[in-house]
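> Starting from the known structure of chain B, arrange chain F on it as the hints suggest.
Top to bottom, those sequences are chains B and F.
Just so you know, we're using the working numbering here: the first sequence kicks off at 1 and counts up by one.
Just so you know, we're using the working numbering here: the second sequence kicks off at 1001 and counts up by one.
These are computed hints drawn from the structure, not numbers from a lab.
Where hints are given, some of them may not hold.
Here are a few chain B residues that sit away from chain F, every Cβ distance over 10 Å (derived from the structure) [claimed, not checked]:
{"id": "1", "residue": "P26"}
{"id": "2", "residue": "G33"}
{"id": "3", "residue": "Q97"}
{"id": "4", "residue": "G98"}
Derived pair list, reagent style DSBU-like, types lysine-lysine, alpha-carbon separation capped at 30 Å [said to hold, decoys possible]:
{"id": "5", "chain 1": "F", "residue 1": "K1203", "chain 2": "F", "residue 2": "K1141"}
{"id": "6", "chain 1": "F", "residue 1": "K1004", "chain 2": "F", "residue 2": "K1016"}
{"id": "7", "chain 1": "F", "residue 1": "K1048", "chain 2": "B", "residue 2": "K61"}
{"id": "8", "chain 1": "F", "residue 1": "K1052", "chain 2": "F", "residue 2": "K1042"}
{"id": "9", "chain 1": "F", "residue 1": "K1048", "chain 2": "F", "residue 2": "K1070"}
{"id": "10", "chain 1": "F", "residue 1": "K1042", "chain 2": "B", "residue 2": "K64"}
{"id": "11", "chain 1": "F", "residue 1": "K1110", "chain 2": "B", "residue 2": "K64"}
{"id": "12", "chain 1": "F", "residue 1": "K1086", "chain 2": "B", "residue 2": "K38"}
{"id": "13", "chain 1": "F", "residue 1": "K1110", "chain 2": "B", "residue 2": "K38"}
Label pairs and their calculated CB-CB ranges [what the hints assert, rightly or not]:
{"id": "14", "chain 1": "B", "residue 1": "G24", "chain 2": "F", "residue 2": "D1142", "range": "44 to 54 Å"}
{"id": "15", "chain 1": "B", "residue 1": "G24", "chain 2": "F", "residue 2": "P1045", "range": "45 to 55 Å"}
{"id": "16", "chain 1": "F", "residue 1": "K1173", "chain 2": "B", "residue 2": "E41", "range": "49 to 59 Å"}
{"id": "17", "chain 1": "F", "residue 1": "K1141", "chain 2": "B", "residue 2": "V30", "range": "37 to 47 Å"}
{"id": "18", "chain 1": "B", "residue 1": "E77", "chain 2": "F", "residue 2": "A1108", "range": "22 to 32 Å"}
{"id": "19", "chain 1": "F", "residue 1": "G1024", "chain 2": "B", "residue 2": "E41", "range": "18 to 28 Å"}
{"id": "20", "chain 1": "F", "residue 1": "D1142", "chain 2": "B", "residue 2": "P65", "range": "36 to 46 Å"}
{"id": "21", "chain 1": "F", "residue 1": "M1083", "chain 2": "B", "residue 2": "E49", "range": "33 to 43 Å"}
{"id": "22", "chain 1": "F", "residue 1": "K1173", "chain 2": "B", "residue 2": "E75", "range": "25 to 35 Å"}
{"id": "23", "chain 1": "F", "residue 1": "P1021", "chain 2": "B", "residue 2": "Q95", "range": "16 to 26 Å"}
{"id": "24", "chain 1": "F", "residue 1": "H1060", "chain 2": "B", "residue 2": "Q95", "range": "18 to 28 Å"}
{"id": "25", "chain 1": "B", "residue 1": "V54", "chain 2": "F", "residue 2": "K1173", "range": "33 to 43 Å"}
{"id": "26", "chain 1": "B", "residue 1": "P46", "chain 2": "F", "residue 2": "S1109", "range": "39 to 49 Å"}
{"id": "27", "chain 1": "B", "residue 1": "V28", "chain 2": "F", "residue 2": "G1172", "range": "50 to 60 Å"}
Cβ atoms here follow ideal geometry from the backbone N, Cα and C, with glycine treated the same way.
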Amino acid sequence: MRFIIFSVIIAFAGFAQAEEAPNGPPTVAVVDGEPIYKVIEPGAIPAIENPTFVTGEAADKQMKPEEPVMGVVIEGEAHAYSLWQLDAHEIVNDQIQGTAFAATW
Amino acid sequence: MMDKETESLWSHVLGKAVKGPMEGSTLEMLPSTQTTWAAWFKAHPTTKLLAKTEAVTSSHYQGYFDDPEKMGIFRARRIVKQMPGKALVWGVAQGPHAAALTNGAVGASKAASFSLGEVQAVALQGADEGVRAFVARVDGKDLKLNFTEDGALKDTATTSVWDPTTGIALKGKLAGTKLEELPVTRVYWFAWSSFYPNTQVLK
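Looking at chain B on its own, in the form it has when it is part of the complex (with noise of 0.2 Å):
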């Protein structure tokens, strides 16, 4: 099964607790004894879902040489992500060679 996937801003407690009791936001879930709160509704940072690509020639001249990326290579096909860009969208649905996967920001 493939799933699609997108960021809801859920502050993963674990270990992470808030520091003090926030002013508003709900918890939807607890997990390990420790709240999860819903800070923006799911999709408000909208996940890429049908990602679309240019040549490394075509993107040296849309980066800065320092931009920060991420990048994934499977079966010798790579691809990278800017972090700058990924600000905006946290997840890109994506597949190289049939291998579905996010990359998560």
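For chain F alone, kept in the frame of chain B given last:
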């Protein structure tokens, strides 16, 4: 994270569904790394880049990155005080075993060996300057990998030469062998130590 199909909630760090119909399921984590565009493109000349549909020339979150006091949306509380919460580490986990490597622990000619429970592992900086981790074991025997004076990465048992970017032996007795890659997460220390409070630290 949430999946559209079942609206289950997933932990971004663990890849595990924590609430909803998929609760308890875990996604397989694929190896990836982080580096600069220039270093990535140089080492992977055939790479493709996620197309930018609008100009993006900086991060929305630079203020967050630069502020040592801001740790998460609600501020992490139980921080393991081994280093500043906003220190960036490379995290590797296998089951309950975890390691956090600082930039000082692994570098251009520096391999970092460590163990995760019974698993002997090595972290290496690749040609793209990204860090990756591999299981340092071939045919049931643990390997010790080090960069030699000529800059080549070799194992001490067979002196085969290894590629730190792919984990493949290029020359020598083990030529063609590929080490199993362990996914690495680039993460703030406050977050890693929250998920893995017993993590070992390599500085």
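> For each hint, tell me whether it holds in the structure or not.
Hints and how they fare:
no.: 1; hint: P26; in the structure: 13 Å, holds
no.: 2; hint: G33; in the structure: 12 Å, holds
no.: 3; hint: Q97; in the structure: 12 Å, holds
no.: 4; hint: G98; in the structure: 13 Å, holds
no.: 5; hint: F:K1203 to F:K1141; in the structure: 26 Å, holds
no.: 6; hint: F:K1004 to F:K1016; in the structure: 15 Å, holds
no.: 7; hint: F:K1048 to B:K61; in the structure: 13 Å, holds
no.: 8; hint: F:K1052 to F:K1042; in the structure: 20 Å, holds
no.: 9; hint: F:K1048 to F:K1070; in the structure: 34 Å, violated
no.: 10; hint: F:K1042 to B:K64; in the structure: 13 Å, holds
no.: 11; hint: F:K1110 to B:K64; in the structure: 28 Å, holds
no.: 12; hint: F:K1086 to B:K38; in the structure: 24 Å, holds
no.: 13; hint: F:K1110 to B:K38; in the structure: 43 Å, violated
no.: 14; hint: B:G24 to F:D1142: 44 to 54 Å; in the structure: 53 Å, holds
no.: 15; hint: B:G24 to F:P1045: 45 to 55 Å; in the structure: 50 Å, holds
no.: 16; hint: F:K1173 to B:E41: 49 to 59 Å; in the structure: 58 Å, holds
no.: 17; hint: F:K1141 to B:V30: 37 to 47 Å; in the structure: 46 Å, holds
no.: 18; hint: B:E77 to F:A1108: 22 to 32 Å; in the structure: 26 Å, holds
no.: 19; hint: F:G1024 to B:E41: 18 to 28 Å; in the structure: 25 Å, holds
no.: 20; hint: F:D1142 to B:P65: 36 to 46 Å; in the structure: 39 Å, holds
no.: 21; hint: F:M1083 to B:E49: 33 to 43 Å; in the structure: 38 Å, holds
no.: 22; hint: F:K1173 to B:E75: 25 to 35 Å; in the structure: 26 Å, holds
no.: 23; hint: F:P1021 to B:Q95: 16 to 26 Å; in the structure: 23 Å, holds
no.: 24; hint: F:H1060 to B:Q95: 18 to 28 Å; in the structure: 27 Å, holds
no.: 25; hint: B:V54 to F:K1173: 33 to 43 Å; in the structure: 42 Å, holds
no.: 26; hint: B:P46 to F:S1109: 39 to 49 Å; in the structure: 42 Å, holds
no.: 27; hint: B:V28 to F:G1172: 50 to 60 Å; in the structure: 54 Å, holds
This entry does not satisfy hints 9 and 13, going by the numbered hints stated previously.
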